[in-house]
Amino acid sequence: MMSKHLNAAIQFHQAGRHAEAEQEYRQAINTGDTGFARNLLGVLCAQTGRVAEGIALIRQAIALNKRVPEFHSNLAVVLLGAGDAQGAVAACRQALKLNPNLADALINLGAALLRLGQHADAVAPLRRGVKANPGNVEAHRNLGLALLGTGQLTEAVDSFRAGIAQAPTHAGCWTGLIAALEQSRSASLGQGLEEAVARCPGEIALRLKLTAHRLVAGDTASAEALARQTAAAAPAVLEATIMLANVLTAQGRKAEAHQALTDWLDRGDASSHTLTLLADAFMGLGDDILAERLFRQAMALEPGTGQAALGLGLLMRRLDRGQEALTLLERCAQDLPDSPLAQAAYGDLLLAMGRPAAALAYARRAQALTPDDPGILLTLGNALRDLGEIDEALAALTHAVTVAPERADIHSNLVYTRLFHPAVTLAQVRAEHIAWAQRHAQPVPPAPPAPPAGHHGALRIGLVSGDFRNHPVGYFIVRALEALARRGVTLIAYANQRVEDDITRRVQAVCAWRPIQGLDAPMVARQVRDDGIDILIDLAGHIAGNRLDVFALRPAPRQATWAGYMATTGLTQMDLIIADPHHIPPEAEEFYTERVVRMPHSFLCYDPPAAAPTVPPPPGEGNGHVTFGCFNIAAKLNAEVIACWAQILTRVPGSRLLLKSRGLDEAPVHARILEQFRAGGIDAARLDFLGATTQADHVACMQRVDIALDPFPFAGSTTTLESLWMGLPVVTLTGQTFSGRHSTCFLSVLGLTSLMATTVQEYVDIAVRLATNLEEVADLRQRLRPLMAASPLCDAEAFADDFIRLLRSA
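Just so we're aligned, residue 7 is where the sequence shown starts under my numbering, counting upward by one.
What the hints contain is simulated information worked out from the structure, not anything from laboratory work.
Worth double-checking, as some hints may not be accurate.
Under the rule of at most 25 Å between Cα atoms (straight-line distance), these lysine-lysine pairs were calculated in the DSS-like manner [claimed, not checked]:
no. : residue 1 : residue 2
1   : K10       : K72
2   : K137      : K103
3   : K103      : K72
For clarity, every value in this text was computed on a predicted model and none was experimentally measured.
Between the sequences and the hints, there should be enough to build the whole structure, so can you do that?
In structure tokens form, the structure reads like this:
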């Protein structure tokens, strides 16, 4: 029978009169407690901030009476509040041994398992708990979270809605519901956000999500109105001001966005966290100087490595301050092992440095922490591609496109990576590029008025690229641009880059220079229209740094793609693809969405490396064996290529193979390639691997090779031209796609069709014939450079005349 003191204590406790309740509980303890008073006093102590005392009292109650399941359940609640989720699980399990149907114990067990991240294990006890106590709102919320964590999105939505039905303003249930709708990409997300904000108007996180949703939906006016309301209602919440800045930026009002952030900065909140958030925001606006200052201030306040150091590392990466970026991001990856961004950022930097195997390790760590992050999946896919694991790369990039269908850059990487697959076809390439355009380049605006028929004024050509530098695109166009400028053509370079080098300076000498990095597509399109461009030329296609978003807006009367990509762009807005008879024969035209126009010889004009050494005799004449070589990236070295090369090495006893490119000096890359060569009967001792070097050293390494072997189906372009310039005969297998016909084009222009195969067996036979006829190799070695220098491949003056005629007649 309950004592009068215990009865009074419970009434005081329920009424919130804690001091009086405690006094009565202690009186009950002093007059012969059997555990019930200690149990409830323990709960009260925990509720009033005396957690350790509360735990001790409940344990005393259990010691007095181990058979009361509620004592164990209450202990679980207090332990969970104290952060001891493991202890809470144990207490709940003990309670359920005593009473398997105790609703509170079931619900508390589910909550504790959730805290431990054991979502799947939490589902069953929470289901039973909700069934036993359907009025418990927190139980519905926790069940929803458990279902969300196990991917059971429809049931999660139902559970959150059940909680909302009981408590229409329960912020936790609304937040969970929105998360479930987001993950399921529900068409009702917008409606759900509107309802959530109406029910919970003070929940800033929900207001920010609704603002972002309206912005993505194109409803900028209502997004701005809500953002301003939120910023005014929560002036101390920096995230609200950052959201307002994002809305303004999306409308091209960067100055207003900058002012809003500056006003918040002037408030004087100098915590490391807020300085880091502001630095990120200013970096997004392109104010790199202020962003760097704020990151460094935050780091001074934040001992050790943290988000500020990570942000600064990313900024240094963007500014191409490589050594500073490397130092910061490497340290962040080590010191922040649980940060997926830190792991992915360092991995992405390693990838850019030509270390795909090391990059892959960090990308996998990041993905283990955040399996569905599209940026991490992008880094993972690109690392796998650069390692030559094309199927895995396509799987990762397809996953990324699935979770972030709006990310045009990720989708571009997917369609580009497809070009490396051994089974790629022109029909497949066309279909995938059209799918990209249908998703990211709609609607198609009308073309601006073209110049009147018969207009023969000076051509005004715009060129859009991030590669006006030491890069294949730079080598392919700089001579042509110089020759075009000498003919009075007006050239305007829209440069989506920060790096400047000797090639950049040559381009700047003949082109009006328009930096566009960080500018949105409408702003660049306005600049193109203001410049009165006759034809706007894309030099990137779907390669990194492209600005297909500008071409999608149709700012020029004619638009073309040239020199920078190896396939159709897929865009209806791209009128022309500038090719040649070798890259796109007549029978292949149907696989290009653009109208095919052809230069008479080659679609490019090569600028040979100025630092190239003289061509020595074939090394095979002096060292007693033939050395084959390939200077292409590992992504091109698929199993079919290696099997072919293994046949060649087998048929030429004592011959060796030198493989050189970025990443080829990494052990995991060796392992894959060596395993495939061993399958073809070739010992590892016959292979040499070299990684990335300077261009001068790269070309000099070609002196060690007698015969160059071209990969397939993605042939060499720059590497073939460099090899030919160094006197190396290049054996190629003519492919179906644009990327499979580079070497075919160059060899055809030089009249070296005897080096071109149409089957793998013919390829092997050509290589073996050369290896057993070093006199022919020596003759080619001495003739190739002068032959090439005098050919259309390097004749900029003839190229420029042909280019002008082509553009005027197209």
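Verification of the hints:
| no. | hint | verdict |
| --- | --- | --- |
| 1 | K10 / K72 | 24 Å, holds |
| 2 | K137 / K103 | 19 Å, holds |
| 3 | K103 / K72 | 11 Å, holds |
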